[in-house]
Amino acid sequence: MSVFTNNIKLSDVQVTSMEPIYTNQSWTGVIHTRSTGIQYYTIQFTMQFEKKYLQEYNAFIAQYSQGRPFNLSLGFYGNYLGTQTKSIQATAARAKGSYQIPVASGYTVEVGTLIQFSNHKKIYRVISNANNVLSVFPNLRQNVVIGEIIKYKGIEGQFMLNPDNDYSLTVGNAMSIQLKATEYLQ
0 MSVFTNNIKL SDVQVTSMEP IYTNQSWTGV IHTRSTGIQY YTIQFTMQFE KKYLQEYNAF
60 IAQYSQGRPF NLSLGFYGNY LGTQTKSIQA TAARAKGSYQ IPVASGYTVE VGTLIQFSNH
120 KKIYRVISNA NNVLSVFPNL RQNVVIGEII KYKGIEGQFM LNPDNDYSLT VGNAMSIQLK
180 ATEYLQ
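Taking numbering that gives the first Met the number 0, the leading residue of the sequence shown gets 0, the next gets one more, and so forth.
One thing to keep in mind: the hints can contain errors.
Below, simulated SDA-like cross-link-like pairs (lysine to any residue); rule was C-alpha separation at most 20 Å, straight line [stated by the list, open to error]: (1) K150 x A92; (2) K51 x Y166; (3) K95 x E147; (4) K51 x N172; (5) K179 x I7; (6) K8 x M174; (7) K8 x S167; (8) K85 x Q47; (9) K150 x A89; (10) K152 x Q13; (11) K152 x Y79; (12) K179 x D163; (13) K152 x V102; (14) K152 x Y166; (15) K95 x Q13; (16) K152 x K179; (17) K152 x I126; (18) K8 x E155; (19) K85 x P101; (20) K179 x Q43; (21) K179 x K51.
Think of the hints as simulated: they come from the structure by calculation, not from any bench.
Turn these sequences into a full structure, and let the hints guide you.
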């Protein structure tokens, strides 16, 4: 559940996947690409509200500006647009570090779909769905157990406000402020 009521509107949401990648071209012309670190998401958004809701903004900043994580919907970016309508579960346990999760026949989602697991909030992207196995990027950050629900609709990330945010706020009848946050990786 997101931390805002309908009194505060979020707009200009920009979601970025930070994927540290190293690329090198050998003397034969072959290009080698390797991931050199952990993938995570950053989000930038504008909060807009009327002055009568300033207290809600102040409460949010007081609670979350010191590094406490908060949940935030990815909005349209986290909506599922594919054809799957059934609940998806892992059919075998997988240890953190794995990237292939077996699922029941006919229970897959399309490549490019964002997913989460019920035991942690990390956002993953499906990179393959062949032979009843979902391959995800990045590799699992936590263990996945047999029967664990794989969420693919209404993805909601867990984020921390960036320490370099400028909390300057021009007070008026209608106020807005732009903030940046980084996915919380526990």
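Comparing the hints with the structure gives:
no., hint, verdict
1, K150 x A92, "holds (16 Å)"
2, K51 x Y166, "holds (18 Å)"
3, K95 x E147, "holds (14 Å)"
4, K51 x N172, "holds (8 Å)"
5, K179 x I7, "holds (16 Å)"
6, K8 x M174, "holds (11 Å)"
7, K8 x S167, "holds (18 Å)"
8, K85 x Q47, "violated (36 Å)"
9, K150 x A89, "holds (11 Å)"
10, K152 x Q13, "holds (19 Å)"
11, K152 x Y79, "holds (5 Å)"
12, K179 x D163, "holds (8 Å)"
13, K152 x V102, "holds (17 Å)"
14, K152 x Y166, "violated (32 Å)"
15, K95 x Q13, "violated (29 Å)"
16, K152 x K179, "violated (24 Å)"
17, K152 x I126, "holds (17 Å)"
18, K8 x E155, "holds (16 Å)"
19, K85 x P101, "holds (16 Å)"
20, K179 x Q43, "holds (4 Å)"
21, K179 x K51, "violated (24 Å)"
In this structure, the earlier hints numbered 8, 14, 15, 16, 21 are contradicted, and the remaining ones agree with it.
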